[in-house]
Amino acid sequence: MITENMVLLDIVSDFPETEKVFHEYDKKIGKCLLCSNLFDTIAKVTIVYDINLQDILKKLNSLEG
Amino acid sequence: MKKIDARGLECPRPVILIKKAMEEVEEASILVDNEVARDNVQRFGHNAGCKVTIVENDNGTELFLKKETEKEVVDIDEEIVVLIKSSLFGEGDPKLGNILMKSFLVSLLESDKKVKALILMNSGVELTTRNLEAIEVLKSFEKKGAVIYSCGTCLDFYGLKEELKIGLITNMYSSVELLVGEGNRVITI
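Chains as they are written, first to last, in the numbering used here: chain E, 1 to 65; chain Z, 66 to 254.
To be clear, the hints were calculated from the coordinates, so they are not data collected in a lab.
Please read all numbers here as calculations on a predicted model, not as lab measurements.
Please note: incorrect hints may appear among the correct ones.
[Unchecked claim] Quick partial rundown of chain E residues pointing at chain Z, CB under 8 Å, derived from the structure:
#1 C32
#2 L34
#3 C35
Where a beta carbon is used, it is the ideal one built from N, C-alpha and C, also for glycine.
Chain Z on its own, in the form it takes in the complex:
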């Protein structure tokens, strides 16, 4: 396995280094020391069909990328993309909506279905910023390989960008690409 130390390098250098490494080997790891590099290396890995494992340690963040086999790639094509358009599940009493949203996330997490990504739009971004209970559940999704995306425009609109506690920031173009991606099963909440 090729190991890269990209500490001190600004984006896009770390991503270019891991891209070139993955053109030569099946597995590589890269050590980074900033969030932008971590997020972009993670996104590169997923785009390139790699399994990405993230380990935080005293030296920084180390990302391990491994190319998926053909069978694993087929499995990924059958994964679920969840579009969450509100911080609450359904209409009606907000308290009930909050309970139901947490229940939905936990139930989905515990199901045997593979979730590829969760996209949070509109007030859904509260789930990645202020809703601490939801953030804990979303962390478990990340550990199982899902990528959490929060809409950048929505974070800006609600003034929550600085409060983002998990996942990556995305835009409508990238979200649509995921939603219409071949083989992706989309669940809208």
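Just chain E, with the same shape it has in the complex:
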């Protein structure tokens, strides 16, 4: 299960299918989320870019496993 304290790099490394979820936010934040924040946690990027934490976790976990 993907949680808010997991780092983006670890998530896309362990669950490659989640990459498309992160790219969905590229337009909203105006840049490539994975390129800019690869070493940050989900919790951190949701605060920095005003992303709904529960929404992104739901999307990621619906793909994982």
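Starting from the known structure of chain E, fit chain Z onto it as the hints suggest.
Below, chain Z without anything else, positioned relative to chain E:
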């Protein structure tokens, strides 16, 4: 040593490849052809406690990562993080502040202390963009293994992002993590 050719791959692919390689071997190299990949592989290496050497050649940029031994990791814990909050050293005449800043950087470079990172905040980002003399000194820091971080918000504020000539862009969260990192000695200018 494992060698990876990641040219043509977009982030985060190169970082994922080197991450998986370093889970299996002690040393690996990766060839990349874009700045984002280079910066993120470099950052991964430092986060993972690796010594990172960067070689530019006609094919692109090759980064060599080597896991530090336990003793080397202890040494890294004793390294210095420098927080530079202004392009000038101290208050007073800007001309003197500029001279003193260059003098500080050169003196620190020539000291026997290991500098882990320099974080440039507020007008300090001029040192990584417009101040060519400072950039040359900062290049020497990089060669000695230090990572140069410029505040992204500050670069945006001063309209200097496109002029960044050295190092990586960071944010306040990552900077705080470095500043409060266990064993890091912080010097604030």
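Do the hints match the structure? See the list:
With a cut of 8 Å, the hint placing C32 of chain E at the interface with chain Z holds, because the nearest CB-to-CB distance is about 7 Å. A distance limit of 8 Å between C-beta atoms decides the matter here; for L34 of chain E the minimum to chain Z is near 5 Å, and the interface restraint holds. For C35 of chain E, the suggested interface contact is upheld, since its CB lies about 4 Å from the closest CB of chain Z, less than 8 Å.
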